[in-house]
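K.L.:
These protein sequences, in sequence, are chains A and B. Just so it is clear: in the first sequence, position 154 is 153 by numbering that gives the first Met the number 0, and no numbers are missing. Just so it is clear: in the second sequence, position 96 is 95 by numbering that gives the first Met the number 0, and no numbers are missing.
Calculated directly from the structure, the hints in this document are not laboratory data. Only a predicted model underlies this, so the values are computations on that prediction, with no experimental measurement involved. Accuracy of the hints is not assured; some may be wrong.
Identical chains share a label here; the pair holds if one copy fits it or two copies do between them.
[To be verified] Straight-line C-alpha distance at most 30 Å; calculated DSS-like pairs for lysine-lysine:
| # | residue 1 | residue 2 |
| --- | --- | --- |
| 1 | K80 | K344 |
| 2 | K117 | K344 |
| 3 | K456 | K426 |
| 4 | K235 | K327 |
| 5 | K327 | K273 |
| 6 | K95 | K62 |
| 7 | K252 | K327 |
| 8 | K273 | K87 |
| 9 | K277 | K252 |
| 10 | K456 | K62 |
2 protein chains.
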Amino acid sequence: MSENHFLHGFLNPKSIAIYGANNKGSSLAGLQLMNLIKSGFNGNVYPIHLKLDSVMGFKAYNKIIDVPEIPDLVVIVLPAKLVPQVFKECGEKGVKKIILISGGFRELIGDRKNTITKEINNIAKEFGIRFIGPNCLGVFNNWGEDQNQSFNIFIWENLKRSKFSIASQSGTLSSHIWFDPPNLDLGLSRSLSVGNEANIDIVDCLEYYKDDKYTEIIGLYLEEIKRGKKFLELAKQITPKKPIVAIYVGGTKAGNRALQSHTGSLAGNSRIYKGVFKEAGIITTDYVQEFLDIAVVLSKGILPKGKRLGIITNSGGPGAMIANNAEKHGLVVPEFSESLQLELKDVLPPTASYKNPVDCTFDMNLPYFYVKLPEILMKSGEIDVIVQYGVFGWEEALGEYLKYDQIAQNAEFQQQPDEVLNKLAQKLLQPTMANSQKYTIPILYVNPMNFNSSWSKKLRKNGATLFKLWDRPVNCIAKICEYVEYRRNH
Amino acid sequence: MSENHFLHGFLNPKSIAIYGANNKGSSLAGLQLMNLIKSGFNGNVYPIHLKLDSVMGFKAYNKIIDVPEIPDLVVIVLPAKLVPQVFKECGEKGVKKIILISGGFRELIGDRKNTITKEINNIAKEFGIRFIGPNCLGVFNNWGEDQNQSFNIFIWENLKRSKFSIASQSGTLSSHIWFDPPNLDLGLSRSLSVGNEANIDIVDCLEYYKDDKYTEIIGLYLEEIKRGKKFLELAKQITPKKPIVAIYVGGTKAGNRALQSHTGSLAGNSRIYKGVFKEAGIITTDYVQEFLDIAVVLSKGILPKGKRLGIITNSGGPGAMIANNAEKHGLVVPEFSESLQLELKDVLPPTASYKNPVDCTFDMNLPYFYVKLPEILMKSGEIDVIVQYGVFGWEEALGEYLKYDQIAQNAEFQQQPDEVLNKLAQKLLQPTMANSQKYTIPILYVNPMNFNSSWSKKLRKNGATLFKLWDRPVNCIAKICEYVEYRRNH
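Looking at chain A on its own, in the form it has when it is part of the complex (with noise of 0.2 Å):
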């Protein structure tokens, strides 16, 4: 049960005190207790501040002690030497967790050995205190208790709700991905940035998540793992039935110099690490888009039971390209049985091919390049996913025409309403939707326009997984193919 878990606590306090907020909305405490606000946070707030008397719109307490409740969490954004102190007047209290923000507690600071760490390990020990951090960036969680409702202390965006959670040795890689959402079909569950892992670390996220209902997709950000044994332990319990998809960093020498200097780690040889996440069934990457990309896929619930790629275009240069990635990266581009060739033959213009890529030239019937198509390779048994190409928004190509209404009239265009549009996205999209399911055959669209234009838009709305350029689905369902292999034995 995740609800006993210790850190189920950090993410659905009743009560929160703030220590570094104040009146100035561009401090990070001001932004945070913004957040906090906006989040939808309807438990008491309490701002500690030495002068002040109120803190954006709520009563300020000069210590805590004077706080007429013991809050279930506690804020600090302050240097790192008032931190002692401070965790000393929260123990005293009977505060038992803590998110420590702050940075300035690495191993030297110049020449000077930096004991701030040891201390306040001493005094959550002595006070049974866990916390988070120090050099972090907070919590995320988006399972209120009601829609509107998330436990917010450090995105800036809206983010919808999904069963994706995150456990991240940065802030940045926990949070200011989502500085774009309308460019990224991907939710978040929770966040958790754990910084310099003091007390708790990626290793209590992963206990965390292991059992929690509202995690299905696990996504970390690691420069080290403070506990290996336990790691690989749980990560096998996982991956199993939860993916984990990784960004570690590690293993160069810059990399390793910018590793002890962000959070202290010595990091480790990259080759052990490789060793361990591929014995855990872990997904690795260097790049946060491809990160990105493999827990979007992998959010719709996109598990391919095979490597075999089947390949749909109007444009033969994106198929020969996709053709050609696919295969460098273990996929594997079947061509098709005379039987399912003369099937597709029959159904496609004189010019076409048909041997995969299936190329139905720019000459191609929307219903049969967004339904029939892919339902005869579906339902072939040939393939275990599609990737499709060429998936335009016909208003915008032809849109930009219209502009010049001469000519429009002259070639009796009719610019088309938009529930015309939205029916039409829903006729082409819904049967492959339910194809997809019907044979367990996912597909990924490719629309090199806009990705917030009309057209992808509707696509999008219809259920339809959309990159812009054809070569991210390739790289990213290769990986997620690796994962379901490993999967499949064990």
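Fit chain B to the given chain A structure using the hints.
P.N.:
Structure of chain B alone, referenced to chain A:
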């Protein structure tokens, strides 16, 4: 003199006849005729149609022999079987240049041998016709007589002028990758879609671009090089002056099968191709996104003097990822000298890092972040290129909160008018752009917010080379640095 090259006429005709256009704007020929009109073409247009008297406002002719002049260029979008007869009629009229867009010329149609290509080649030879295609998408020339004029028979969007020119064996790679110009700071000079290369090939294009004053960077999409020796010879002459970036598709079983269906090409041994590209100093990539990134960066004249990367960030995670990936891709991320570290330490907050990456933390003030830090690195002599993460739009980050009126008041928030932000962007960017010139140290920026967000637009307007995520600039600059090294030795 490129004006004397035979391809020049294909891009600068004064009169043009089009076979296949009718009044249905959704047909390919119809679209292309409209492109032509839209592009500001002010020469004579002669649609050729068996039945219609008028096509899209132009007087139509039943046969080309009736056209009142010899058109400089003929465009054909007709079924393959009709093409030999049309070629013959064009030859008899005296036409010397044809763009043959139609497909259906591959070696085999099912088991039947397709001899049309041979037929039209013979006719072309007889009449001294040069032709582009078949199975191509046309040509584009952005350097018409005035700014508003281009010669365009394939591209939907209005693209800004630049000196990046394309020659491509795929129509899509020569055109559709520009479907979303607002998200791409890459203009276009010329584009030649060569299709199956029955008469004019990539080598002809290279020959033309070599001396073309409007071409400074060349992009290629290749499935096969028909005249390998000549290609290598030309490329070796070009790359010491003008960079070439190429996508080569081939080498895998699936890729080669796709190629055979696409242009009839038999592709080749990818090791031989790799050798040719290496010997000629051609930058290669498997990805259309990387192809575009490299073109964007090269179009801005960015050619770092060496491989030493300086990293400025306000977040540890992206800094570490940039450092790690940079080293993996052959860049050097040098640890700064003690004196440089001291200089940096002086202007940075106490929790910052300054060994490289320079991590300012979230506390950094804007003029230091945008101007002072890059300046210190640029004049240090210790790095050749900078990637800077975290150029957030603070009005966007904070703008969210301004919706909460009461909080905003409490927090003494004030929305900044657009002109204030414009001036701010100018103040923060201009000195750095000037320093970048002065010290010849390029700088690439990363803002994880939307590429068309208000602040991103302001940065781009002021000359910033901007990326949304931090994966791409690193890989891109690594490949460009390899090219610079080649160029230094040739």
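K.L.:
None of the hints should be skipped; say for each whether it holds.
P.N.:
Status of the hints after comparison with the structure:
1. K80 x K344: Between copies only: 19 Å across chains, 74 Å inside a chain, cut-off 30 Å.
2. K117 x K344: Between copies only: 25 Å across chains, 72 Å inside a chain, cut-off 30 Å.
3. K456 x K426: Within one copy only: 15 Å inside a chain, 37 Å across chains, cut-off 30 Å.
4. K235 x K327: The answer is both: 28 Å in one copy and 28 Å across copies each meet 30 Å.
5. K327 x K273: So K327 and K273 pass the 30 Å test inside a copy (20 Å) and across (15 Å) alike.
6. K95 x K62: Close inside one copy (17 Å), not across copies (89 Å); limit 30 Å.
7. K252 x K327: both (29 Å within a copy, 10 Å between copies)
8. K273 x K87: So K273 and K87 fail the 30 Å test inside a copy (41 Å) and across (65 Å) alike.
9. K277 x K252: Classified as both; 23 Å inside a copy, 28 Å across copies.
10. K456 x K62: Neither, since 51 Å and 45 Å both go past 30 Å.
Going down the numbered hints, you'll see the structure goes against 8, 10, while the others check out.
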